[in-house]
Amino acid sequence: MTFFRTLGLAAAATAGLAAMQSAQAATDKVVIGMMCDRTGPTAVTGTALCPGYHDYIALVNKNGGLPTGSGNSCEVIANEVDIEYKVPPAIDAYKGYKEQGAVLVSPFGTPMVAALVKTMEEDKMPGTSAGFGTAAAANGDKYPYMFPIAASYWSQTAAAVKFAKDAFDGDLKGKRIAYVFYDNPAGREGIPVMEHLQKKEGYELRTFGIPAPGIEAGPQVLDITRRYRADFIIAHVFGRAPAVLLKELKRAGYPMDKVIGLVWAGSEGDIAAAGGWDVAEGYNTIQFAGVGSDYPVLHEIKAMYKERGDDPPSEMDLTVYYNRGVFQAAMHVKAIGDAVKAAGTCDVTGTQVRDAMREIHDFTLGGLVPPLQMSAKDHEGGGYIRVFQVQDGKYVGVTDWYRAYRDDVLMLLEQEH
Amino acid sequence: MFHRECGYYKTSYEADQAVLPIPVAKQGIGLFAIVFLVLIPLHSMITGIEYYVSLVSLVGITVVGALGLNILLGYTGQISIGHAAFMSVGAYTAANLAVKFGLPFYITLPLGGVMAALIGIVVGFPSLRVKGLYLAIATIAAQFIIEWVINHTPAISGGVAAAIEVERPDLFGWKLDAAVELYYFVIFFAIIAIIAATNLVRSRIGRAFIAIRDQDIAAEIIGISVFRYKLYAFAISSFFAGCTGVLYTYYLGIATYEQFQIVVSIDFLAMCIIGGLGSIIGSILGAFFITLLPTVIRIVMETIGPWFMDPSDLPTVIGQLRLIFFGGLIMLFLILEPEGLNRMWLNIRNYFRVWPFSY
Chain A
1 MTFFRTLGLA
11 AAATAGLAAM
21 QSAQAATDKV
31 VIGMMCDRTG
41 PTAVTGTALC
51 PGYHDYIALV
61 NKNGGLPTGS
71 GNSCEVIANE
81 VDIEYKVPPA
91 IDAYKGYKEQ
101 GAVLVSPFGT
111 PMVAALVKTM
121 EEDKMPGTSA
131 GFGTAAAANG
141 DKYPYMFPIA
151 ASYWSQTAAA
161 VKFAKDAFDG
171 DLKGKRIAYV
181 FYDNPAGREG
191 IPVMEHLQKK
201 EGYELRTFGI
211 PAPGIEAGPQ
221 VLDITRRYRA
231 DFIIAHVFGR
241 APAVLLKELK
251 RAGYPMDKVI
261 GLVWAGSEGD
271 IAAAGGWDVA
281 EGYNTIQFAG
291 VGSDYPVLHE
301 IKAMYKERGD
311 DPPSEMDLTV
321 YYNRGVFQAA
331 MHVKAIGDAV
341 KAAGTCDVTG
351 TQVRDAMREI
361 HDFTLGGLVP
371 PLQMSAKDHE
381 GGGYIRVFQV
391 QDGKYVGVTD
401 WYRAYRDDVL
411 MLLEQEH
Chain B
1 MFHRECGYYK
11 TSYEADQAVL
21 PIPVAKQGIG
31 LFAIVFLVLI
41 PLHSMITGIE
51 YYVSLVSLVG
61 ITVVGALGLN
71 ILLGYTGQIS
81 IGHAAFMSVG
91 AYTAANLAVK
101 FGLPFYITLP
111 LGGVMAALIG
121 IVVGFPSLRV
131 KGLYLAIATI
141 AAQFIIEWVI
151 NHTPAISGGV
161 AAAIEVERPD
171 LFGWKLDAAV
181 ELYYFVIFFA
191 IIAIIAATNL
201 VRSRIGRAFI
211 AIRDQDIAAE
221 IIGISVFRYK
231 LYAFAISSFF
241 AGCTGVLYTY
251 YLGIATYEQF
261 QIVVSIDFLA
271 MCIIGGLGSI
281 IGSILGAFFI
291 TLLPTVIRIV
301 METIGPWFMD
311 PSDLPTVIGQ
321 LRLIFFGGLI
331 MLFLILEPEG
341 LNRMWLNIRN
351 YFRVWPFSY
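Note that the protein sequences, when read in sequence, are chains A and B. Under my numbering, the residue at position 169 of the first sequence is numbered 169, and the numbers go up by one with no gaps. Under my numbering, the residue at position 265 of the second sequence is numbered 265, and the numbers go up by one with no gaps.
Errors might be hidden in some of the hints.
In silico lysine to any residue, SDA-like type, Cα no more than 25 Å apart, as pairs [said to hold, decoys possible]: (1) A:Lys-29 / A:Thr-345; (2) A:Lys-124 / B:Leu-176; (3) B:Lys-175 / A:Glu-99; (4) A:Lys-62 / A:Asp-294; (5) A:Lys-250 / A:Lys-306; (6) A:Lys-394 / A:Glu-315; (7) A:Lys-142 / B:Lys-175; (8) A:Lys-306 / B:Phe-357; (9) A:Lys-29 / A:Gln-352; (10) B:Lys-100 / A:Gln-415; (11) A:Lys-124 / B:Leu-231; (12) A:Lys-29 / B:Thr-303; (13) B:Lys-131 / B:Ile-262; (14) A:Lys-118 / B:Pro-104; (15) A:Lys-62 / B:Thr-316; (16) A:Lys-118 / B:Thr-316; (17) A:Lys-118 / B:Ile-107; (18) A:Lys-173 / A:Thr-399; (19) A:Lys-29 / B:Lys-131; (20) A:Lys-118 / B:Leu-176; (21) A:Lys-118 / B:Glu-165; (22) A:Lys-394 / A:Glu-281; (23) A:Lys-334 / B:Ser-312.
No lab work stands behind these hints: they were computed from the structure. A quick note: this is a predicted structure, and the numbers were derived from the prediction, not measured.
Okay, chain A solo, but in the shape it has when bound (with noise of 0.2 Å):
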């Protein structure tokens, strides 16, 4: 009968979570909370990124560990918990990494952040939110324990802003610049610095909202392409829309190489639905993590996977995701890894953690990491970006690591509060 195999689970689900609980006391073991979607509206990014985050992880173990200093070594436990992009099972997840003694938290997804970003700030526990959540949480005044990491919607922008710019030989004066979001909060984000950036650089602008759920942009691209008749697209759309929007450009035969996607906007399973790299033959996308295949970092994880008698999981050719996984991974690993050295014991607390994650300074991994420079402040680390354009069927860095309009983004940050 269901009613008695559902109490039967019930039992067994509280005998297992207490043997969980006993397993992950020993104290030379670090746990790290890391939320997943591999199911859900944004399946699609989490089975690259997860499985990217858990090869990392591996590999820092299998090399030892991290070393407390004093010949000890703690071994990293990342538990993942898929929250399928929904609240609940994200706040369900948090609690039970709380009482699993994780040091740090992974949450995924904006609506997730927010709803966590207070909990987690009362329970101490620092947590990285790379590529969501809103811009206000670089300020590490007032989001103390949340670690954007990555740039945020408005340092992207604005290294948009820049990168089009460059585009015009330094002069972006009367050029017409179309924005196309998705019509959601975090779309319409970059909009602020969009219109503050028009004053300084006198371009035209005008905005172009893609409607939830984002497979549908037809009307916007000839809005765009034959009315409008923009000189320079600055796309922040994700989900679905990416495809969509690629495909529509190319119908109506802009050139694609005057196009720039913010992070979100150009995986390669993107590129993929959107009919293949031909159709997408020099779109530049803006990147927060290195993508390609060539780090040393990826060449290692390949030659643990060798050594184990495996072939390499398919996961790494979507060097996008897998990258941000790898990045997300290795951001935590070294901000938990100074603490545990700092505290000379892999007991730590969640604000040594906090406090290790505001000192990391030019940690590049081999160039899959941006020059970070994270503070008590800018817990963002600068708002570091990289442009990656589409040539040939792959991916192809066209700018060093760089930020744009800086100052701008801190007054603007300045007066959101």
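Assemble chain B onto chain A, guided by the hints.
Relative to the frame of chain A, chain B by itself:
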């Protein structure tokens, strides 16, 4: 086996109409009260483990919404796929009142509910003309319209981020911010909701709802104003939904519309179907079931999974399993037990009522 009615003679109409007519029912409720009001919070206070209280808090919030939807769906027979939107109406109303006017929760909570009820009445108007699938589509429209309005009205949403941070509930200067305090905060309102719903459906209004559900023309002929009662149903149901939104807001400390999207409406429909349409206990069981299902699947798989599969594959499998279970269970319930968990409970009860004899 203890649930027997024989031997209890009622000597007054009041006794016969009591909510809990026999002593064992009262004892059962007492037992649940002890578990939920004393044992679970006590466990948390003694051990310092907040996990279980926060899990039950989430269920408690969900119970309120499931009860509300069941009044509309199960008792009045009117479908709504826009319930999550009513929750966001409640959430933003309370958040704005709390932040802009500094009002305490005991004022913002009912006002959030009332606001949702008013919107619910507006959304309920199509129900006077259309039924079934057509009404479903009309309420989906409401879901998207409300989402869009919140999304595009800074005066409601509080700015670009469309998220409003709210202080923890403050009870005459006592700030409810610990997990156990929030637990009591939620459970208190969940209990009020259960009592209110139980009494509502056995009142004149509830009987009118049931009459409309079973045959609206007949209901009209026997003198029930279908117009008025359908709107009552939408209003009451939306009031519950609005309160759910307010509870979420205080529990999380933030109101964000992204948390009340259409999948949430679907989840609540699933709660009513799996729990049992037209049943208070069913709503509660459904809320427990749907809220705890992902957690239970995850914990069970993490425990038994490593015995027969590579642990590194577990995360992928758990995610897919949950989807399979969720869809499969809804189908199984619709085919095998359309009256849901409530009917299962009744079957068990009726079996033991005459145990050890089968008749």
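Do the hints match the structure? See the list:
1. Between A:Lys-29 and A:Thr-345, the direct Cα distance comes to roughly 10 Å. Compliance with the 25 Å bound is thereby established for this hinted pair.
2. Note on A:Lys-124 and B:Leu-176: the hinted pairing holds, with a Cα-Cα distance of about 18 Å set against a maximum of 25 Å.
3. Of the pairs offered as hints, the one joining B:Lys-175 and A:Glu-99 holds, with about 23 Å between alpha carbons and a cut-off of 25 Å not exceeded.
4. Distance restraint check for A:Lys-62 and A:Asp-294: the Cα-Cα separation of roughly 21 Å lies within the 25 Å cut-off, and the hinted pair is therefore satisfied.
5. For the suggested pair A:Lys-250 and A:Lys-306, the alpha carbons sit about 40 Å apart, so the restraint of at most 25 Å is broken.
6. Only pairs whose Cα atoms come within 25 Å are accepted, and A:Lys-394 paired with A:Glu-315 is accepted, the gap being roughly 16 Å.
7. About 21 Å separates the Cα atoms of A:Lys-142 and B:Lys-175, which keeps this hinted pair within 25 Å; it holds.
8. With a C-alpha separation of about 66 Å, the suggested pair A:Lys-306 and B:Phe-357 falls outside the 25 Å cut-off, and the hint is violated.
9. Distance restraint check for A:Lys-29 and A:Gln-352: the Cα-Cα separation of roughly 16 Å lies within the 25 Å cut-off, and the hinted pair is therefore satisfied.
10. Only pairs whose Cα atoms come within 25 Å are accepted, and B:Lys-100 paired with A:Gln-415 is accepted, the gap being roughly 19 Å.
11. Between A:Lys-124 and B:Leu-231, the direct Cα distance comes to roughly 47 Å. Violation of the 25 Å bound is thereby established for this hinted pair.
12. For the proposed pair A:Lys-29 and B:Thr-303, the alpha carbon gap of about 19 Å is at most 25 Å, so the pair holds.
13. Restraint check for B:Lys-131 and B:Ile-262: satisfied, since their Cα atoms lie roughly 20 Å apart, inside the 25 Å limit.
14. For a cut-off of 25 Å, the pair hint linking A:Lys-118 to B:Pro-104 stands: about 19 Å separates their Cα positions.
15. For the suggested pair A:Lys-62 and B:Thr-316, the alpha carbons sit about 22 Å apart, so the restraint of at most 25 Å is met.
16. Distance check on the hinted pair: A:Lys-118 and B:Thr-316 sit about 29 Å apart at the alpha-carbon level, beyond 25 Å; violated.
17. For a cut-off of 25 Å, the pair hint linking A:Lys-118 to B:Ile-107 stands: about 23 Å separates their Cα positions.
18. Straight-line distance between C-alpha atoms of A:Lys-173 and A:Thr-399 comes to about 23 Å, which keeps the hinted pair within the 25 Å bound.
19. Distance hint between A:Lys-29 and B:Lys-131 is unfulfilled; the C-alpha atoms sit about 59 Å from each other, more than 25 Å.
20. For the proposed pair A:Lys-118 and B:Leu-176, the alpha carbon gap of about 14 Å is at most 25 Å, so the pair holds.
21. Restraint check: the Cα-Cα separation between A:Lys-118 and B:Glu-165 comes to about 9 Å, which is no more than 25 Å; the hinted pair holds.
22. Between A:Lys-394 and A:Glu-281, the direct Cα distance comes to roughly 9 Å. Compliance with the 25 Å bound is thereby established for this hinted pair.
23. Annotation: proposed proximity of A:Lys-334 to B:Ser-312 holds, straight-line Cα distance about 23 Å (limit 25 Å).
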